[in-house]
Amino acid sequence: MMFKQNSTSGNSNGNGADRPRGSGDAEKRTQAWDALLDFWAEPDREELTEKSTEEPLEPKKTRGNDLKNDRLETSEGKSSDLAQPNLDSELDPEGLTLGLTFDDLEQLLGQTPQDSPQFDSLLSGDRLPEDSEEDISPPISTWAQKITKFQPSPSDRTETPSFYDDDWPSLVDTELDTELDTKLDTKLDTKLDTKLDTKLDTKLDTELDTELDTKLDTKLDTELDTELDTENLPALFESLIEPAVSPSQTPQIETPSLVEEIEESQTIAPPVSSSLEPQKTPPGKQNSATEPVKLDNPPMVHSTTNPSDTNPAPDMPVSALSSSSPEKVTPQTNEKSEKSADRKNPPPPPSRQSKGDRQRQNGSGGRKTKPKTSSPASSGLFKPRGEELDDPLKDLRDFLLTESPKLEAPKIPEEEEIDIPNLITFENSLKRLHELEQSAPTTAKPQKAQTQPKAQTQPKAQTQPKAQTPPKSQTQPKAQTQLSKTKIDLKPMLGELETAAKSLSEEEMMRLHGTIEELEDKLSALEDRVDEPTEVINPLVPLMVQLLKMKVGVSQEAVMEVMIPIIDEVIQKRTQQNRGAMSAAIADLIPEAIAKEIQKSPQEIAKALGPEMASAICEQIKVDKDAISAAIGPEMGRAIKQQIEVEKDAMVDALYPVIGSTVSKYMVEVVSAINEKVETTLSPEGVIRKIRAKLQGVSEAELILQESMPVTVQAIFLIHKASGLVISEIQPALEQRLESNMLAGMLTAIRSFVNDCIAQSGEIAELNEIEYGDSRIILEVAGYCYLAVAVKGDPPQPFVKHLRRTLGQIVQKHGREMEEFEGDSETVPTAIPALLEKIIPPPPSEKKSSPTALLSLLGAIVLLVILPWGYFQVRGYLNQRMETRIEDALVDLEASSYTELEPIVRGKKVTLTGRVPSMEIKNNAMTMVQGINPKLEVDNQIAVVQVPPDPAWVATSIELVTSLLNRERDIDITAAYSPGKVILRGGVAKLEDYSTIINAFQKLPGIDTVDRSQLLPEVLQKRLYFEEASSRLTSEEISSTLVPIQRFLNEYPELRLKIIGHADPTGQSENNQVLSSERAIAVRRELERRGIGAERLEAISVPEAPPDVAAEQPLKWSRCVRFELAFSDE
Amino acid sequence: MGKISKKICLIGDFSVGKTSLIRRFVDDQFSDEYLSTVGVKLSRKVVNLKQGEKEEEKLVELLIWDIEGQTQFKSIAPAYLQGAKGAIIVADVKRQETMEHLRDHLDLFFKINPKGWVIIALNKSDLISEEKVLQLSHSNNQFQADYPQVIATYATSAKTGKDVNDLFHELAASMLVAV
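One line per chain: the protein sequences are X and D, in this order.
Quick note on our numbering: the first sequence kicks off at 1 and runs consecutively.
Quick note on our numbering: the second sequence kicks off at 10001 and runs consecutively.
Please keep in mind that the hints were generated in silico from the structure rather than gathered at the bench.
No residue lacks a Cβ here, since even glycine has one placed at the ideal position from N, Cα and C.
Please note that a few of the clues may not be correct.
Pairs of lysine to any residue residues, derived as SDA-like cross-links and limited to a Cα-Cα distance of at most 20 angstroms, are as follows [to be verified]:
no., chain 1, residue 1, chain 2, residue 2
1, D, K10058, X, S825
2, D, K10003, X, E817
3, D, K10041, X, V754
4, D, K10045, X, D824
5, D, K10115, X, E817
6, D, K10111, X, E820
7, D, K10045, X, L738
8, D, K10003, X, S825
9, X, K909, X, V874
10, D, K10111, X, E819
11, D, K10041, X, L738
12, D, K10003, X, A834
13, D, K10115, X, A722
14, D, K10050, X, S825
15, D, K10003, X, R737
Derived coverage of chain X by chain D (criterion: at least 3 residues anywhere in the stretch with Cβ under 8 angstroms from a Cβ of chain D; other residues may be distant) [to be verified]:
no., segment
16, 739 to 746
17, 993 to 1006
18, 1088 to 1098
Chain X with its partners taken away, still in its complex shape (with noise of 0.2 angstroms):
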């Protein structure tokens, strides 16, 4: 349904001409239908009908794509079954295309026999003669022009493979080698299909190559479709031309092959072709990209430029050609040549089974391509269609020649979609033509001999060109084979030939040259008609998409060959045309190809993406700076884990100088002092730490903390209030000096802006401190003026004191000053800078009791200890040693001596301790002593003991002491012993003799005293006694017992007297004490009256009885007086 509206749309808005022409003359349309029923083959018509009823008769279409193989007997059963009433009921649209083509058909049939003669002589051989014939043979070419003409629509610009997949001389090719009768036939049919086919496919191709150049190109760039087509396509199709027409310019050809026809047609066409090149050039050169490359790569131009020359000797040039012209052209045409053979040679099976494709094609893919056929060109060439041909070809020409820039894009579909109809009819007209051949059993002959000449040419036809092909053969050996090919096809047919020939009289030879004289003629002509550069392009348009999928098909490295060198320059060309149409077909891809190429070669991706990775980076940052360390956040932890993990080193290097130099310094400072404390612990701080810590509640660590991080005062500025300039500052040497005008400035603003601020209406508050990391600004505020000091630690509560004392000793001593401040230095008075020296504390003293201290102190005291000890112990030891040899030598004297002597050694010092009996031992010991060492000092202590005399014997002495002084007249003593003394009694006469006794006594042994008091003279043994309780003397006793005393006495004036006197026991003891007394001193009164010296005197009271007195004896005894001679010694 779709083709009778689209054919009829066409007719009318494609081409106003035919439209009416169609309708119009539906006489003569029903006769050509007639003639056509006559003629045509029913599976022609059949197929016909197939396609044009394609839609409403689905199951055909099936059973068309089911029986491939087989289309012939089905396509023959089908057409007796349906082709009838199909054509009846389609008749309406069928009418009208196939009336339409007829109409084409005959008005060509009208035209032909003089436009193109040769093709008539060529295709149907010696059916001249015949009329019929002769009417229809003409159209054959045109109509094979003609059906190459209106198919391109399809062809110039579908990519669909299938519908064309089998062009139609492929087709016809078949067609009439199925249908043909006699093998004569065929073979001449085939013939001259192969020659035709390789003439127009091997021409076909080589532009249809160039073509698909172009085609590639329009495809890639659709905008470009209508100018490309309009300006390159005829001028293509003029190149094409030109080896179709070369033929012409062979006439004296005698018998020359087929082959050598095209081939010299390749070569002979130079004249065409140079002349129209200059008109191809201008595009080609404007256009390099794409248009360069059908003019450069078609080998026809080069080979037909170069040869040119050469074109009289129609053999020559082929191998002068061959072997002349450029390498690059040969290959082109050995795989056009082969191509043409390719498609020759597959046998009928396969070709039907393209047509069988093709049937199925023709409804679907025909209709597919429908929207894609809308090439001005093709309209523009579609054009003369219904019209005569001459004229718009002529048109054509002449815009082509005139290089029109541009067609009038015509109203392009309905026209196409004509085409597929039309194409179909003359598809059927072809047919019936070789059916009409077929029925024709005369034109057979005459092909025969046509043949013959061939035939009998043909060893050499084949030889020739193998003779030829040498040359050739180096640079076509696909030719060759090609050529080959077609010889072994012709085989069979050759052997009839030439038995067809045999039996050919020479008449008919004579004959048969005579119409292949004919033949040549009308072939030139038809050359030169052909030289109108559309007619041979519109058959050949529709090809060149087959022609190209063959190509692609049979030789895909030649049409590689053929688009890789301009491929980039295509995709170039196209990306300067339009960006964003190239990036959207490649848009597509791209990730995949990316993947695809990752998967493949990591490392070369890597490599083209590396260096741009870094700069990508910083794209993203600025389009979007979250982006990249969202992306790279969360993996950064266990990236640098990992990077710790394997060089752990590199990452210390990379972190220390922001980590080492701030916190190990810190800490490292911090536990040095720390470790500094702890080891005072015991030093009078540490303990006062402790008592501290106690007293403040705080632990000692916490106190040792403080002390180890030291206030140091970094600043000190006396700011004034207002302005904020600065008056005075302090600023210790630091390594860091503080701009102090823009410090005080902003610390005055920050003042300002608390008390503004922050602080509650009313309320005067200030700003007391301002805290940063371990430093802090302490805020002293007075009047005009505030102190702000700038320290390092936590200063302690003294030192803030002492801030406070000194300012409020500013603020007293200079107010005014302070109040007056506007900026000048020289008004602040110098005593303030002075006082602020002193807010800062000394720094501390460094008392680094270091444990070495510590332990010289030990070691001193372990030293003053053990020196001395070892001093005393070697001393001792010396001591002990010299003690033990004055011992030895002492041994000696020990027998003589009471005790042990013994040494005692101190140094140089020797006590020598000891009892000894006698003085002699005594230095003895010391001499010896000082014999064995004579420098040393000797202290003798040792003791000269006189042991007391045996008492016995002291009596015994004292007896016979006192018996020998007895002797004596005037001595009468008795001696008593007691141990140690001696009491001596008795008198003696004179005075002389006392002093004896006593000596001879006291020299006694074990006599120590000798009590020589009752040992008196005579007259002093008198006693004086008294009354009782008197002392009063009287005369008689004066006289008898005083006298003499004084006589004694006046004698012995040196003599002392003790007067002694004594009382009874009787009575008080007061009272005897006085009596004894007065009793005394009455006798020393008496005895001074009678001229004795009271000096001489001595008055003693002894209340009691005198010694030798007994209580028993008389009392009397006891009242007296006696005498006792007083020594001085006593």
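Chain X is already provided as a structure; the job is to place chain D on it using the hints.
Frame of chain X, contents of chain D only:
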């Protein structure tokens, strides 16, 4: 010779170019970016007031208080003006209202610093024609009459640097003289 330091303030409405003037004066730079000053920004520059070869060097350290501009909602904090010996009151020649506010700023400044010196800067003078500039500075001369301590009125441009240095130098010189 002892160092002399003086505090000067820049007062004016927001976005009249106070900070830009200071930036031009101190760093000799200019930027088109507008960054609103928050609170106070301090700058410092030592100015040499030596005039001629023979004269002794006269160094004055200027402590320039760039005070947050007055806006509709926030007036200038008087505390910041305290102790200022001089002030530059800035207006934007392109914004009439900023010039109308000049008098308010003058009053505020003299109220706090009766002995201060003031120079009026009509900033952004590069944005208007020269005639207009002349006209404007002329019309603002009345301040000098009304306030004896208003030294001068300058049409400045922080962008081109026009009169900026002169402005500061003149103010610095004036401040050394007691009122």
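Hint check results:
1. Restraint check for K10058 (chain D) and S825 (chain X): satisfied, since their Cα atoms lie roughly 14 angstroms apart, inside the 20 angstroms limit.
2. About 16 angstroms separates the Cα atoms of K10003 (chain D) and E817 (chain X), which keeps this hinted pair within 20 angstroms; it holds.
3. Taking the CA atoms of K10041 (chain D) and V754 (chain X), the gap is near 16 angstroms; set against the 20 angstroms cutoff, the hint holds.
4. The hinted pair formed by K10045 (chain D) and D824 (chain X) meets the criterion: a straight-line CA distance of about 16 angstroms does not exceed 20 angstroms.
5. Restraint check: the Cα-Cα separation between K10115 (chain D) and E817 (chain X) comes to about 17 angstroms, which is no more than 20 angstroms; the hinted pair holds.
6. Under the criterion of a C-alpha separation no larger than 20 angstroms, the hint pairing K10111 (chain D) with E820 (chain X) is consistent with the structure, at around 18 angstroms.
7. Proximity of K10045 (chain D) to L738 (chain X) is assessed by CA-CA distance (about 15 angstroms); at most 20 angstroms being required, the pair is judged to hold.
8. Taking the CA atoms of K10003 (chain D) and S825 (chain X), the gap is near 5 angstroms; set against the 20 angstroms cutoff, the hint holds.
9. In summary, the hint linking K909 (chain X) to V874 (chain X) is supported, as the alpha carbons are separated by about 16 angstroms, within the 20 angstroms threshold.
10. Only pairs whose Cα atoms come within 20 angstroms are accepted, and K10111 (chain D) paired with E819 (chain X) is accepted, the gap being roughly 18 angstroms.
11. Between K10041 (chain D) and L738 (chain X) the CA atoms are separated by roughly 17 angstroms; this keeps the pair inside 20 angstroms, and the hint holds.
12. Using a Cα cut-off of 20 angstroms, the hinted pair K10003 (chain D) and A834 (chain X) holds, with the two alpha carbons roughly 18 angstroms apart.
13. For the given pair, K10115 (chain D) sits about 14 angstroms from A722 (chain X) by alpha-carbon distance, which is consistent with the 20 angstroms threshold.
14. Of the supplied pair hints, the one linking K10050 (chain D) and S825 (chain X) holds, its CA atoms being roughly 19 angstroms apart against a limit of 20 angstroms.
15. The hinted pair formed by K10003 (chain D) and R737 (chain X) meets the criterion: a straight-line CA distance of about 17 angstroms does not exceed 20 angstroms.
16. Counting residues of the segment 739 to 746 of chain X whose CB lies closer than 8 angstroms to any CB of chain D gives 5, so the stated coverage by that chain holds, three being the minimum.
17. Residue count for the segment 993 to 1006 of chain X with a Cβ under 8 angstroms from a Cβ of chain D: 0. That is fewer than the three needed, and the coverage hint is violated.
18. Here the segment 1088 to 1098 of chain X counts 0 residues with a CB under 8 angstroms from a CB of chain D, which misses the bar of 3, and the coverage is violated.
Going down the numbered hints, you'll see the structure goes against 17, 18, while the others check out.
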